[in-house]
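Undergrad: Now for the letters of each chain:
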Amino acid sequence: DAKTTQPNSMESNEEEPVHLPCNHSTISGTDYIHWYRQLPSQGPEYVIHGLTSNVNNRMASLAIAEDRKSSTLILHRATLRDAAVYYCILSRETSGSRLTFGEGTQLTVNP
Amino acid sequence: KAGVTQTPRYLIKTRGQQVTLSCSPISGHRSVSWYQQTPGQGLQFLFEYFSETQRNKGNFPGRFSGRQFSNSRSEMNVSTLELGDSALYLCASSYPTQPKETQYFGPGTRLLVL
Numbered sequence: 016d017a018k019t020t021q022p023n024s025m026e027s028n029e030e031e032p033v034h035l036p037c038n039h040s041t042i043s044g045t046d047y048i049h050w051y052r053q054l055p056s057q058g059p060e061y062v063i064h065g066l067t068s069n070v071n072n073r074m075a076s077l078a079i080a081e082d083r084k085s086s087t088l089i090l091h092r093a094t095l096r097d098a099a100v101y102y103c104i105l106s107r108e109t110s111g112s113r114l115t116f117g118e119g120t121q122l123t124v125n126p
Numbered sequence: 007k008a009g010v011t012q013t014p015r016y017l018i019k020t021r022g023q024q025v026t027l028s029c030s031p032i033s034g035h036r037s038v039s040w041y042q043q044t045p046g047q048g049l050q051f052l053f054e055y056f057s058e059t060q061r062n063k064g065n066f067p068g069r070f071s072g073r074q075f076s077n078s079r080s081e082m083n084v085s086t087l088e089l090g091d092s093a094l095y096l097c098a099s100s101y102p103t104q105p106k107e108t109q110y111f112g113p114g115t116r117l118l119v120l
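Protein chains in written order, with our numbering: chain D, 16 to 126; chain Z, 7 to 120.
FYI, nobody ran anything at the bench for these hints, they're computed from the structure. All residues carry an ideal CB built from backbone N, CA and C; glycine is no exception. Don't take each hint at face value.
If you want the ones that stay clear, here's a sample from chain D, every Cβ over 12 Å from chain Z, calculated [claimed, not checked]:
#1 24
#2 25
#3 30
#4 32
#5 71
#6 78
#7 80
#8 81
#9 84
#10 85
#11 87
#12 91
#13 95
#14 96
#15 126
Computed cross-link-like contacts, SDA-like style, restricted to lysine to any residue with a CA-CA straight-line distance of at most 25 Å [stated by the list, open to error]:
#16 D:18 - Z:108
#17 Z:63 - D:107
#18 D:18 - Z:48
#19 Z:63 - Z:46
#20 D:18 - Z:110
#21 Z:63 - D:61
#22 D:84 - D:66
#23 Z:63 - D:64
#24 Z:63 - D:115
#25 Z:63 - D:45
#26 Z:63 - D:20
Estimated spans, in silico, between C-beta atoms of each pair [what the hints assert, rightly or not]:
#27 D:32 - Z:24: 48 to 56 Å
#28 D:117 - Z:9: 19 to 27 Å
#29 Z:67 - D:20: 24 to 32 Å
#30 Z:33 - D:82: 34 to 42 Å
#31 D:117 - Z:18: 29 to 37 Å
#32 Z:33 - D:60: 17 to 25 Å
So that you can see chain Z by itself, here it is in the shape it has in the complex (with noise of 0.2 Å):
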């Protein structure tokens, strides 16, 4: 079975642009999280998606968004780019939802805020 997919592996964006990155769950997972890894902040959670609807959120302003496609497949959206948002995102697919399930997670996509 595939693991979990993102794309792209890395970018490059500069202040005030904006940025979709991708993730493809692992075929029959229907739940989809995000999260930011950063030097300063560690692992922290972004949003998570079921069913294409959002079902639980982190605390991070309204420029982060998401959403989720009918095959499970995965978008996040920063937009208004700033140098702090410069970090390696991480999806995870999981099924089902409950919380005693296994994570998993893709490569994840470094990007860098110029």
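Bound-form chain D, shown alone (with noise of 0.2 Å):
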């Protein structure tokens, strides 16, 4: 699976948006850009995927390069909930279900 590189640690305040990038220079045309994210004791939780186009749902937005060589998540407004360990993933067709899980990056959310 192709790698991807996050920063470490990142912070926020409460009810500022927070734009955390991911970059995946070796990405392939059928890799598809996820990102998952783990709260305190918790298992992983889906946020978002996309393709090529960006995304938006509920949680957050998905903004692709065009070269798609990198990708940012978008929370529009964080909350003290948000603060969690958040993973970009590429995953294609080829490897099932299988997510390679990196180091991602931690979220600080000051109130």
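If you follow the hints, you should be able to join the two separate chains into one complex; please do so.
TA: Next up, the structure:
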């Protein structure tokens, strides 16, 4: 699976937008970009995914660069409950349901 | 709809013993994957089962095995436990089995090997 690079940690203030970056320069044309997050003492939770176009859902937005070598997860208004480790993951059809997790970004939200 | 359930939630074993962990996927989900999470190695893929067949396997020794039943429930077994097997074991279910589909994770089973 292609590798992703994320900052180890980021901080944000409550009710402010948060932009979490992810680099994936070796992405292939069939790789989907997934974001999951893991809150303390819980299993990972799906956030959003996309292939080429920007995506929005009730939790977040995903902005994908035109060359697909990077993407950004956008939390529009961070809350204390958004404090978690955020994982950017690439997956392709040949890998089945397998997800290859990196170290992720630890997001701290300050009140 | 009920989420993914895992039993037991906590377990203490001693070296050399074996352990069986259980995972019940979301109703209708046919794929179940298992992951190990440790502070040192992070989240690592163990294996995936679909329709009672192992479809994918991670880089773990043969002491780690699993199976899936006709109702999609899955079990994983670790034999001859080692101290390094202490970890959070997570299972995830999905349907259908394409990678673009959401994986739903359970709360995990925390295993401590003494």
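Undergrad: If a hint holds in the structure, say so; if it does not, say that too.
TA: Structure-based check of each hint:
Against chain Z, the non-interface label of residue 24 of chain D holds: every CB pair exceeds 12 Å, the least being about 15 Å. With a least CB separation of 18 Å from chain Z, residue 25 of chain D remains clear of the 12 Å interface cut-off, as annotated. With a minimum CB-CB distance of about 27 Å to chain Z, residue 30 of chain D clears the 12 Å threshold, and the non-interface call stands. Even its closest Cβ contact with chain Z, about 24 Å, leaves residue 32 of chain D beyond 12 Å, as expected for a residue assigned away from the interface.
For residue 71 of chain D, the non-interface assignment is confirmed: its Cβ lies about 16 Å from the closest Cβ of chain Z, beyond the 12 Å cut-off. Every beta carbon of chain Z lies more than 12 Å from that of residue 78 of chain D, the smallest distance being close to 18 Å; the non-interface claim holds. Non-interface status of residue 80 of chain D relative to chain Z is upheld: no Cβ of that chain comes within 12 Å, the nearest being about 19 Å off. Taking the minimum C-beta to C-beta distance to chain Z, about 20 Å, the non-interface status of residue 81 of chain D holds against the 12 Å cut.
At roughly 19 Å from the closest C-beta of chain Z, the C-beta of residue 84 of chain D stays outside 12 Å, upholding its exclusion from the interface. At roughly 19 Å, the least C-beta separation between residue 85 of chain D and chain Z is larger than 12 Å, which holds for a residue marked as non-interface. Here residue 87 of chain D stays apart from chain Z, with its beta-carbon at least about 19 Å from theirs, past the 12 Å limit. Chain Z leaves residue 91 of chain D outside its interface by the beta-carbon criterion, the shortest separation being 21 Å against a cut-off of 12 Å.
Every C-beta of chain Z lies more than 12 Å from that of residue 95 of chain D, the closest at about 21 Å, which supports listing it as non-interface. No beta-carbon of chain Z is positioned within 12 Å of the beta-carbon of residue 96 of chain D; the least distance is around 17 Å. With a least CB separation of 26 Å from chain Z, residue 126 of chain D remains clear of the 12 Å interface cut-off, as annotated. The straight-line distance between the Cα atoms of residue 18 of chain D and residue 108 of chain Z is roughly 20 Å, inside the 25 Å bound, and the hint therefore holds.
Between residue 63 of chain Z and residue 107 of chain D the alpha-carbon distance is near 16 Å, which keeps this suggested pair within the 25 Å criterion. For a cut-off of 25 Å, the pair hint linking residue 18 of chain D to residue 48 of chain Z stands: about 15 Å separates their Cα positions. Distance restraint check for residue 63 of chain Z and residue 46 of chain Z: the Cα-Cα separation of roughly 21 Å lies within the 25 Å cut-off, and the hinted pair is therefore satisfied. With a C-alpha separation of about 22 Å, the suggested pairing of residue 18 of chain D with residue 110 of chain Z holds against the 25 Å cut-off.
A distance of roughly 22 Å separates the Cα atoms of residue 63 of chain Z and residue 61 of chain D; the hinted pair therefore holds under the 25 Å criterion. Restraint check: the Cα-Cα separation between residue 84 of chain D and residue 66 of chain D comes to about 12 Å, which is no more than 25 Å; the hinted pair holds. Between residue 63 of chain Z and residue 64 of chain D the CA atoms are separated by roughly 24 Å; this keeps the pair inside 25 Å, and the hint holds. At most 25 Å may separate the alpha-carbon atoms for a hinted pair to count; residue 63 of chain Z and residue 115 of chain D meet this at roughly 12 Å.
A threshold of 25 Å between alpha carbons decides the hint, and for residue 63 of chain Z with residue 45 of chain D the separation of about 21 Å falls inside it, so the pair holds. Using a Cα cut-off of 25 Å, the hinted pair residue 63 of chain Z and residue 20 of chain D holds, with the two alpha carbons roughly 24 Å apart. Roughly 49 Å separates the CB atoms of residue 32 of chain D and residue 24 of chain Z, a value that falls within the hinted 48 to 56 Å. Evaluation of the 19 to 27 Å hint for residue 117 of chain D and residue 9 of chain Z yields a pass: the beta carbon distance comes to about 25 Å.
Between residue 67 of chain Z and residue 20 of chain D the CB atoms are about 29 Å apart, so this pair conforms to the stated range of 24 to 32 Å. Distance hint for residue 33 of chain Z and residue 82 of chain D: a CB-CB separation of about 41 Å, consistent with the stated range 34 to 42 Å. Between residue 117 of chain D and residue 18 of chain Z the beta carbons are some 30 Å apart, a value that agrees with the proposed interval 29 to 37 Å. Under the hint 17 to 25 Å, the C-beta atoms of residue 33 of chain Z and residue 60 of chain D, about 19 Å apart, fit the expected range.
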